[in-house]
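Protein chains in written order, with this note's numbering: chain E, 129 to 227; chain S, 312 to 882.
Hint data in this document are derived by calculation from the structure and do not stem from the laboratory.
Do not rely on the hints blindly, as some may be mistaken.
So the derived label-pair ranges between C-beta atoms look like this [as the list claims (entries may be wrong)]:
| # | chain 1 | residue 1 | chain 2 | residue 2 | range |
| --- | --- | --- | --- | --- | --- |
| 1 | E | GLY218 | S | ASP377 | 42 to 52 Å |
| 2 | E | MET146 | S | GLU541 | 31 to 41 Å |
| 3 | S | LYS481 | E | ALA148 | 17 to 27 Å |
Cβ atoms here follow ideal geometry from the backbone N, Cα and C, with glycine treated the same way.
Next come the chains, spelled out residue by residue.
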Amino acid sequence: MSLTKNENYVLELYVTGMTARSTRAILNITKLLNEHLPGRYELEVIDLFQQPSLEKSEQIIVTPTLIKKLPLPIRKFVGDMSDAEQIIVGLDLKPKAPE
Amino acid sequence: MPKVKAKRTLTKQSRIKKVLTGIQGLDEITEGGLPQGRPTLVCGSAGCGKTLLSMEFLVNGARDYDEPGVFIAFEEKEEELAENMESLGFNLKELEKKKKLAIDYILIERGEVEETGEYDLGGLFIRIEYAVRQVGARRIVIDSIETLFSGLQNENILRAELRRLFRWLKDKGLTAMITAEPGQGTLTRHGIEEYVADCVILLDHRVTEQTSTRRMRIIKYRGSVHGANEYPFIISEEGISVLPLTSIGRAYKVSRQHISTGVPRLDAMMDGKGYFRGSSILVTGTAGTGKSSIAMHMADATCRRGENCLYLASDASPDQIVRDAKSIGINLAKWARQGLLRFQSTRPTFSGMEAHLVYIHKTVNEFDPKVLVFDPISSMASTSSTLEVHSMLLRLIDFLKSRGITNLCTNLTTGGKFLEQPEVDISSVMDTWLLLRDVEYSGERTRMLSILKSRGMDHSNQMREFLITSKGVDLIDAYLGSGLVLTGAARTVQEMKEREEALLRAQETKRLEREIERNRKSTEAKINALRIELESREEEVKTLIQHQITNEKILTNDREIMGGMRKADSR
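Build the full structure now, drawing on both the sequences and the hints.
Structure representation (structure tokens):
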């Protein structure tokens, strides 16, 4: 945790309804964020069913989709966020191996 | 034990419902359009017209059938689509404004997304549903769904989701068109024909001998009959036109009215009145036999009646035709100026034959000619295979006949073939067939005309010599004496010879008459002489007889005297 130490993470998670998959995704990601970025993230969960017009700008066709808006660059993840390792690497949360 | 099969009742429950696409020709070959509330797969490689076909399907639906549509674009942005379609006369923006059409561009980022666990296409569903709800869509196009495969890696999920999508479309009762590109030996790259299998349309764009033709084929249509052939189609300023050969029935009314050929003697050969109105006339002949002259006369005669004439000239420019016509005393320029005569001189090789045909259709619809002259149709033969030319001409002729437009086609025959076999063999559909031929005789070429056939009329079977003079075409009787057919100078020579012979014959008769007279006279003289001789002989004999009688008398007297002297007792 070197470079990203002081930066806040802004994340959006898009889901379609409170399905089992959506719930799983929400649980997985909050757990992961609480572990690695305690108090340093904003996660907005957006249910596309409620705001269908919003998706147009974000081009969300696959759900669940997680978008890391900040810090740049923007990254996208799809799936139920079950592969924690991949997300940690993708979000650049893990310091590089000490060797 | 023999199995008794349950008799299957063949009664169709209800015929499959269809929606009209409004695309010229497509509704004919699908016998009423696409299956209602079902997805249709349109496949074909890049640039063969998938997007256009599907957009036209939507636009027509929105504009003409009160069926709003949604276009889900994976490949082109809304603006690009709108611009592209604008050039084809579709105003997408206006339809969007009227809430009759919704276009949604969905960007698929390739390889920028990390997949962590299971997902679905929930976003896509919502988006499609949103668009559908926005306009109350009855039709939908997804162009092209397979782009998804390039953005997402988990094919299993994708396949399951696509299956769900198509089921969802069906549940919504949306008539859908799904486009896809063909893969190696399969209809689509990712085999989605497995899920969309109610109707499959294959588009094809191929180039043969530098001329491109687009073709369409209905591969399958569940629960419906459909045309199984490959149908050519073209993309013009007015969108797609499919040209089914059989789209025009042959149940048109025929006219009993005659129209002049423009050549009085030719009229005379055909029941004295000329061609039938609305009939097809074929004029064949080798180069320079006067086919065009007949065509020009026809055009002239049409305009003289105040009717429109469309002159399709693929071998010469309008100006040249006007000049050539003038040389035989026909003033076509006048008619062109008055707007009665219109020339169209493009070579079919320029735009491809199908486009050419559509162009002709369009001109005919707009100009509404009563007579169409096509000079020569053999120029078509240079563009594509004979079969194609044949089918195109059949379609053209059917089209013209159904409109009651009299059409005259000239056709070049080349040497080495039978004269009766023109380059493009369409004689069977033609009603009247004029054959022009060259006759070479004693160092001179002359032209002959004969009517090979002329349906429904009493026509002359005689050959006529065909003269092209500065006052137009004239037909004169060929020399038909002594088992010979002669034309040109040979005819004149023969006629002179005839006259000479006739004179000689007359002289001979006179001579013979005189001889007989002489004979009679001499014979009569002989008879006279003989009679005189006979008469003198008679005289002589009579004298002799007299002598003898006298002698006898004398003798008898003498005997009596003697007996008296001898005292004969005989008495």
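(message) Of the numbered hints stated earlier in the document, which are not met by this structure?
(response) Of the numbered hints, just 2 does not hold.
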